[in-house]
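Start from the sequences, fold in the hints, and give me the full structure.
So the chains spell out like this:
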Amino acid sequence: MSYQTTTKDHAALAEAFIKDEERVDWHDGALWYIREKRDIASKGIPEWEELREAASQIKSNVISNLHDYLLQFEANLKKNGIVVHWADTPQEHNEIVYAILKAKEINQMVKSKSMLTEECGLNEYLEERGIGVINSDLGEYIQQIDNEPPSHIVLPCIHKRKEEIGELFHEHLGTEKGLSDPTKLTRVARKPLRNVFMPRRAALTGVNFAVAETGEYVVCTNEGNADMGAHLSEVQIASMGLEKIIPQKKHLGIFLRLLARSATGQPITIYSSHFKKPREGQEMHLILVNAGRTRQLGRPDFQNSLKCIKCGACMNTCPVYRKSGGLSYHNTISGPIGAILAPNLDMKRHADLPFASTLCGSCSNVCPVKINIHDQLYKWRQEIVKEGHASSTKVFGMKAMAWTLSSSDKLDKAGRAGRWFMQNVPFVVNNKLNPWYKQRDMPEGPKETFTEWYLRTNGD
Amino acid sequence: MNVGLFIPCYVNQFYPNAARATLELLRKSGVNVGYPTRQICCGQPMANSGFEHLAQDCNNTFIDNFAEFDYIVGPSASCILHLKDHLHSDTQEAKATEIRGKLYELVEFLTDGLKIESLNATFPHKEGLHHSCHGLRGLHLAQMSELNAPPFSKPEKLLGMVKDLEQVRLGRCDECCGFGGVFSVSEEAVSVKMGKDRVRDHTRSGAEYITSSDLSCLMHMEGILHRNKSNVKVIHISEILNASI
Ligand code: SF4
Chain G
2 MSYQTTTKDH AALAEAFIKD EERVDWHDGA LWYIREKRDI ASKGIPEWEE LREAASQIKS
62 NVISNLHDYL LQFEANLKKN GIVVHWADTP QEHNEIVYAI LKAKEINQMV KSKSMLTEEC
122 GLNEYLEERG IGVINSDLGE YIQQIDNEPP SHIVLPCIHK RKEEIGELFH EHLGTEKGLS
182 DPTKLTRVAR KPLRNVFMPR RAALTGVNFA VAETGEYVVC TNEGNADMGA HLSEVQIASM
242 GLEKIIPQKK HLGIFLRLLA RSATGQPITI YSSHFKKPRE GQEMHLILVN AGRTRQLGRP
302 DFQNSLKCIK CGACMNTCPV YRKSGGLSYH NTISGPIGAI LAPNLDMKRH ADLPFASTLC
362 GSCSNVCPVK INIHDQLYKW RQEIVKEGHA SSTKVFGMKA MAWTLSSSDK LDKAGRAGRW
422 FMQNVPFVVN NKLNPWYKQR DMPEGPKETF TEWYLRTNGD
Chain Y
294 MNVGLFIPCY VNQFYPNAAR ATLELLRKSG VNVGYPTRQI CCGQPMANSG FEHLAQDCNN
354 TFIDNFAEFD YIVGPSASCI LHLKDHLHSD TQEAKATEIR GKLYELVEFL TDGLKIESLN
414 ATFPHKEGLH HSCHGLRGLH LAQMSELNAP PFSKPEKLLG MVKDLEQVRL GRCDECCGFG
474 GVFSVSEEAV SVKMGKDRVR DHTRSGAEYI TSSDLSCLMH MEGILHRNKS NVKVIHISEI
534 LNASI
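Keeping their order, the protein sequence lines are chains G and Y.
Everything in the first sequence is counted per my numbering, starting at 2 for the first residue and increasing by one.
Everything in the second sequence is counted per my numbering, starting at 294 for the first residue and increasing by one.
Rather than coming from a laboratory, the hints here were simulated on the basis of the structure.
Chain Y is nowhere near these chain G residues, computed Cβ spacing over 10 angstroms in every case:
| hint | residue |
| --- | --- |
| 1 | Ser57 |
| 2 | Trp87 |
| 3 | Ala104 |
| 4 | Ser181 |
| 5 | Thr215 |
| 6 | Gln249 |
| 7 | Lys250 |
| 8 | Pro279 |
Pulled a few chain Y residues facing chain G out of the computed Cβ check, cut under 8 angstroms:
| hint | residue |
| --- | --- |
| 9 | Gly343 |
| 10 | Glu439 |
| 11 | Leu440 |
| 12 | Ser477 |
| 13 | Lys486 |
| 14 | Met512 |
| 15 | Gly516 |
For every residue, glycine included, the Cβ atom is placed at its ideal position computed from N, Cα and C.
So, in structure tokens, the structure goes:
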């Protein structure tokens, strides 16, 4: 279930995805439908843009005072009887989870709503050590039985058609062949999923919002699995990235209203579960994970990316994402937000992602916390080139173009209009190897350029 | 009022008619237009590819050509936005700053600068308006569909003044066409798929022409239309606003 094995870049993976054009059209339509639901929901409340601004400012405050809020949160967690752990790396996070389970001799765990543990590769880590993990959310469960990572942070198997899911269920759950009715499929899956809760003594969830003031955390779900897992467990673990903090409980009203509307167009998620202290006889652990977040905090141009509340709206609106599928981003968090987070983790490996965008800017406009995503994509491009991650042919081509385009003297001997351009501007360079011409033509060069006409006629 | 006409390199080379229409429109509106013939490129192709630092000579050339004008107007939203955001100079930063403040895209200049209320133009065709992303989300030529904010549209206002023109309604009013500069070749498959889908939205809506304030989007869509032997044509907005029969 890992992306590490792929050596192909976004363009190559996207090209493979696009080969099945009917699937792309359907994928694009499914996500656009969610974008439209989001539009209707956000336009249904007049204060929408003010909410976005407020949320963005609250998160700015969090980013500037993260150290203090984390300490306050930690102190309150402890007061509430929750055991607090700090993990600097994904490896450390996984070791902590393992140690907690080992101490209780637990060898099975249910998991719900956690992209962070996907990022950490927790499932594989535990499975190698004899601990079975089951993703209890339907979409994640489907991805798990197919041994494939999620392609979307909110809709993990959005790239799969219902017929493919029917096929998977037939193979893994023994359902009849050819079943593709979504309601029936959900009903079928419910049985094994319900059964996993009973014998599992440990449950792990992600965290949507961590309230510094009270030491509680909130998990938002539509299926209620986080609650079911947590309530039945003897050991409850929550893993969260450092940036999930909000200062006060009263701020939740802003974020909960924004989150569900942005994510799916719902006014609110079906469950907004608050967890504050362990039940009698239960153990509660919370792991605060850094995994590169403080490094991002130290990059002034990119620290705003830590405001993200993982609603997925930027993916749904992104035309590149809709046409290329989440898996083409070869990173746990895909789409526009993934493209500005991933280079922080490994700039070389993710050097392609900030270029997988037309910089259309729709992502920044839907973002409920107003992250300037497309500006950051532009800035990452400069950073990646400066750090030497552009190919040498590209560097050469760009230098040649910059030289040609710097003064019109170099234009004079170009001959027929258009020819100069096609000889010097890499994306239209006229040779058979240029991908421009695979499915597109270039306009024919006119008799004379505008400048030639102007000089000839003096502009009359 | 002295207006410097900025014609981006690819417009100069491939779309001289749009450049001439821009010049004529400005003149008809009573402004004094100068065209510095040594101008060349805004530097965007380098900058968007991550090579902003290589655009320095382009920037200085631009400054030398345009510093003297009261306003600088060009028929390309994307180049204008690039210059507004990124025109800097190691040697003449004061001039660069001044220029960034007096740059206008054509539609913006006609509506906000010259406050045009009527045009003497006729274009008896069905037309689909393509919003370039840089014009829309960068220069705010129209309201963006993502925001909860009152609608407006500067290009539609101008097109509304053209006689016999029929504007078609699109399924997705401001989706990107997938050009994206170097993206068009580095991500060829996605770029073309996005372009095909945009074009289809227009053709399905019955458009005979696709128009825009950005010729780079149009060049990409024209390339797709042409390859697929479509009868639908692209036309820069200046040519419609300047059209007579
Ligand atoms: S970047 Fe913004 S829009 Fe994208 S997932 Fe995060 S909060 Fe949502």
